[in-house]
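Number of protein chains: 2
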Amino acid sequence: MNAEIISVGTEILLGQILNTNTKLLSERLAGLGIDVYYHTTVGDNMKRLQEAFKLASARSDFVITTGGLGPTGDDLTKEALAEFLRLPLEISDDEVARIKQFFTGRGLEWVESNTKQAAFLPASRILANAIGTAPGMAYKHADCAYIVLPGPPREMQVMFDNHAIPWIKENVIEPGTVPLFSHVLKFIGISESKLEHTLKDLFETQTTPTLALLAGKGEIHLRLTARAKDEGSFRTLIKPVLAEIKSRTGDFIFAEGPKTLTETIAEALLQNNMTLSTAESCTGGMLSASLTSIPGSSAYYLGSVIAYSNEIKTNLLGVPSGLIQAHGAVSEEVASSMARGVRILTGSTIGIGITGIAGPGGGDPEKPVGLVYIAIDSGEGTTTISHNFRGNRENIRERSVKAAQHLLERYLREPR
Amino acid sequence: MNAEIISVGTEILLGQILNTNTKLLSERLAGLGIDVYYHTTVGDNMKRLQEAFKLASARSDFVITTGGLGPTGDDLTKEALAEFLRLPLEISDDEVARIKQFFTGRGLEWVESNTKQAAFLPASRILANAIGTAPGMAYKHADCAYIVLPGPPREMQVMFDNHAIPWIKENVIEPGTVPLFSHVLKFIGISESKLEHTLKDLFETQTTPTLALLAGKGEIHLRLTARAKDEGSFRTLIKPVLAEIKSRTGDFIFAEGPKTLTETIAEALLQNNMTLSTAESCTGGMLSASLTSIPGSSAYYLGSVIAYSNEIKTNLLGVPSGLIQAHGAVSEEVASSMARGVRILTGSTIGIGITGIAGPGGGDPEKPVGLVYIAIDSGEGTTTISHNFRGNRENIRERSVKAAQHLLERYLREPR
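Quick note, the sequences are listed as chains A and B, same order. Heads up, this note's numbering is the position in the first sequence plus 3, with the first residue counted as 1. Heads up, this note's numbering is the position in the second sequence plus 3, with the first residue counted as 1.
None of these hints come from the bench; they were simulated from the model. Some hints could be false.
Remember, identical chains collapse to one label, so a pair may be satisfied in a single copy or spanning two.
[What the hints assert, rightly or not] In silico DSBU-like cross-links for lysine-lysine, where the CA-CA straight-line distance does not exceed 30 Å:
| no. | residue 1 | residue 2 |
| --- | --- | --- |
| 1 | 26 | 242 |
| 2 | 119 | 197 |
| 3 | 197 | 103 |
| 4 | 262 | 405 |
| 5 | 249 | 189 |
| 6 | 220 | 262 |
| 7 | 26 | 405 |
| 8 | 189 | 26 |
Bear in mind the structure is a predicted one, so any value in this text is a computation, not a measurement.
All chains should be modelled from the sequences, with the hints used to inform the complete structure.
Written out as structure tokens, the structure reads:
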């Protein structure tokens, strides 16, 4: 069983939009134990679309398309598939009625060209679109199965999860297929090469489960993957190697599974009944924005002061102006004072202070661009770390946020 | 002249990483006047890689690959191309020396397998990698030209811009090819359908330049595209239709060209010699983070108070607790009071206040999830707007930031 994903749209070939649909579908198919061998993107062109269907049908057992289901003359996906299969498209009156309702329900004018969206191959399964106009379609033909999905990512995802997956389980996945399971360990505070070196022998010998490292945005994910008859058997299968990995690198693991670093922190704050506030300079509110991205964050997050100017550092956070003069606004002393100041100002259990030089200007040989100080203050003491980040302004700010979250996560594991 | 982009990597087929390289390359090629007809992704598999080269060479004049240039046994792009072309790969001693230097310069251990990265087709052009180890390669063979680039996006981009583009101009673009130019108008505060309706006749009749709408993240971009012998001729060509578009929709245009909304705001603040501070509740620092994403923002941005709890709204921003009791924390009155409070607290020219319900919890029939109030205060008056956004927490927060930037941009055009 191998699958191919065809993305349809000239705007993708022109680089006008980023194709995120293919990543999501690939992830879902991997989870269903279906191997994806090819991704193809083709424009809104009848001849090339038909050729793409011909090629995919020859080399793949299962073809999923996204895009080209709209009402305009450029939307050709179903038409090209029908032409290629030498089958007609038939209008579904029920679907015409549903799409009409969608229009009237939103006070939009019905245009006859929309009828086209309600045309399907005979004996195909119509996949309902819960949030947009164009329905999808699933069709099984001789040796190849087809699923046709809309292009807008939200519509595509909801339709795939709710309607395509059940159809795939019934019609595509061969009976007896052993599904693929995976388990992810998330690391922070260790480099990719160091982690690889620490687990070198496992990477070289381990086959069931297989191990794969994925680095990005200051974190490293280690994925254990294996086929197993069910979740329980998979857990049993990975147990020994999981224990071995944890015994060597456990200190750097902040989460298992889908939980993010921000969610890990949120849980720990709630469990410890602690509240948090932040005082940010170079990160300009990014730490605060990430902490409040979680629903219910008002239970542990009180607020922040973004102190870009020295006056605000002094007047609001109570950082002594003499301290700024003596050590500079970017210094360990000022980071500590900011953390303490915001904790006292907001009455939170913990305060975090960040000050640094995000660049591109403002650096000098003694304090270069990328120098960042982060402090955490709990009333019983202050911990400060410094980093020399490389990269552009955006990278330095993102890494500073990640480093602050890392410091906080460590603190919450072992408060002092 | 038509091109194809092949992305190489099993991790892309597994949905583990998002393929951003193809979008960037497609944009660049469109800018060079080269049509892209296909994107293909194929895994780290010798047989399928060779087949991908075979197919692409048959249907395209120009093939660009990304990925598969590393030192491991899984990195097969150059090997597959050489096999397909029945040519050898030859080691470049100069490149071996450069890669060795890269390793020693970073205190990394040299491993012999890295030599593989310095192997190239005979008579190919080596494309230097300024920031990583794997060099790229450009090669012209009979009717098809090939460019082989590394997978990491930064390395790929720097190599493409600095080394591949000059080679393409010399070796791929046919003499006499008329390049493609485009001009972008950026709109805010008007819906896509309204804009389309306003310009309907132009969309239907306009061919040189062509018009294309692109909506996303609260903005709409209108792209005018045409072939012309140079930038000047293009400007002359688009002048009449550009004037017509502006006469109908000028009020909603915030920028022309690559300038972002945040950059437009930054410029206007600097020009007007104004300073800014923000008081954010539901956006939790996102507005502040976006305003400080611009280098040199300390010239106009002073700071913010992220006021999640009512105590902080009252104690720091001076929002009367009676006002919160009377109207609720999410109200026009509290947004205004926050804007005024942060302006006075920081001494800025303008203060912005945001309060709303980002959800998923916290809504009720009277004040549902998605209700957001935004105020701008200049000391001479306060303007408040309210929105009822749909979507999830992330959408509502992003739209609130965009709406606040929109309000600010309008204010800066016509301060009152």
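Could you tell me which of the numbered hints above are not met by this structure, giving the numbers in increasing order? none
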